[in-house]
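Given these sequences and hints, build the entire structure.
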Amino acid sequence: MKMARLTHIDVFWFVPNLIGYSRVALSALAIYGMYYEYPLVAFVSYALSELLDAADGYYARKLGQCSKFGEVLDMVTDRCTTTVLLTYLAQAYKSQALALVFCLLISLDISSHYMQMYSQLITGKTNHKQMDEKAHWVLKAYYTDRRVLFAFCFGNEAFFLLLYLNKFLPAYALYLSIPITLAAFPISLIKNGINFIQLYESACDLARLDAAELNKARSAKKA
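So the number in this note's numbering is just where the residue sits in the sequence shown, counting from 1, plus 2.
Treat the hints with caution; some may be incorrect.
[To be verified] With beta-carbon atoms standing in for the labels, derived distance ranges: (1) F198 / E135: 42 to 50 Å; (2) L211 / C68: 52 to 60 Å; (3) T9 / Y34: 29 to 37 Å; (4) I112 / V43: 24 to 32 Å.
[To be verified] Straight line, CA to CA, 25 Å or less: simulated BS3-like cross-link-like pairs of lysine-lysine: (5) K70 / K169; (6) K223 / K136; (7) K142 / K127; (8) K127 / K193; (9) K64 / K136; (10) K64 / K169; (11) K142 / K218; (12) K142 / K96; (13) K64 / K127; (14) K169 / K127; (15) K169 / K142; (16) K218 / K127; (17) K70 / K136.
These aren't lab readings, by the way, just hints derived from the structure by calculation.
No residue lacks a Cβ here, since even glycine has one placed at the ideal position from N, Cα and C.
Set out below in structure tokens:
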């Protein structure tokens with residue numbers, strides 16, 4: 003029996019994309035909770051959105067519903083939610099030094115992922131997580147093992163989210179929260195180090211492509 007051809011509307015209704023829409027809704031609820039001072043709403047909504055980040059990829063592979071739209075939806079959701087949280091933290095902690103750090107982390111997060119996606123697609127990869135034998139060993143370890151990928155992404159977001167929650171917890175609760183926050187800090191540090199490597203390696207890939215194309219053009223002119 004011949005299967006019906008898929009349309010773009012069908013792609014919108016893929017299960018992993020439906021999960022992606024729920025992540026967007028949860029992120030919006032988290033932002034509302036942050037700025038209207040409902041910390042429990044913000045914390046739970048943000049945490050659920052991050053947990054669902056693993057579910058959309060799982061169901062995309064399980065159901066054969068991987069899509070470029072879903073990949074971009076996932077990445078845009080991640081970048082936007084992290085940006086909003088770090089922007090809030092820059093205001094909440096009222097420190098110029100911390101605000102500068104948070105702004106630099108936002109810039110690193112967005113630029114490294116954009117350059118990685120662009121360089122992978124322009125060099126013929128199917129998605130930004132596809133690594134070949136020439137890829138940096140750190141990036142291969144990070145992107146080829148989904149457990150490692152999830153652990154670092156979740157740990158990084160958990161560190162920032164705990165920084166947010168600590169602003170509202172009573173003193174007795176901080177005795178538990180602060181050690182967990184400190185435990186998550188090295189994970190966040192490594193994750194942002196990976197972002198830096200990703201940015202540099204992607205820049206090198208694009209520059210190599212530029213050099214190859216310019217050399218080819220120069221050779222054609224001489225011929």
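Right, here's what the structure says about each hint:
Separated by about 22 Å at the C-beta atoms, F198 and E135 break the suggested range of 42 to 50 Å. Separation of L211 from C68 is about 26 Å and departs from the stated range, judged on CB atoms against 52 to 60 Å. Between T9 and Y34 the CB atoms are about 34 Å apart, so this pair conforms to the stated range of 29 to 37 Å. The beta-carbon spacing between I112 and V43, approximately 26 Å, falls within the hinted interval of 24 to 32 Å.
Distance check on the hinted pair: K70 and K169 sit about 38 Å apart at the alpha-carbon level, beyond 25 Å; violated. With a C-alpha separation of about 31 Å, the suggested pairing of K223 with K136 is violated against the 25 Å cut-off. For the hint linking K142 to K127, the alpha-carbon distance of about 14 Å falls within 25 Å, and the restraint holds. With a CA separation close to 23 Å, the supplied pair K127 and K193 stays within the 25 Å bound.
The straight-line distance between the Cα atoms of K64 and K136 is roughly 29 Å, outside the 25 Å bound, and the hint therefore fails. Our distance criterion of 25 Å between C-alpha atoms is broken by K64 and K169, whose separation comes to about 40 Å. Annotation: proposed proximity of K142 to K218 is violated, straight-line Cα distance about 30 Å (limit 25 Å). Among the hinted pairs, K142 with K96 is inconsistent with the structure: their alpha-carbon atoms are about 38 Å apart, more than 25 Å.
Restraint check for K64 and K127: the C-alpha separation of about 21 Å stays at or below 25 Å, so the hint holds. Taken as a hint, the K169 and K127 pair is broken in the structure, with Cα atoms around 43 Å apart against an allowance of 25 Å. Proposed proximity of K169 and K142 is contradicted: the alpha carbons are some 37 Å apart, above 25 Å. At most 25 Å may separate the alpha-carbon atoms for a hinted pair to count; K218 and K127 meet this at roughly 22 Å.
Our distance criterion of 25 Å between C-alpha atoms is met by K70 and K136, whose separation comes to about 24 Å.
Going through the hint list in order, the structure does not satisfy hints 1, 2, 5, 6, 9, 10, 11, 12, 14, 15.
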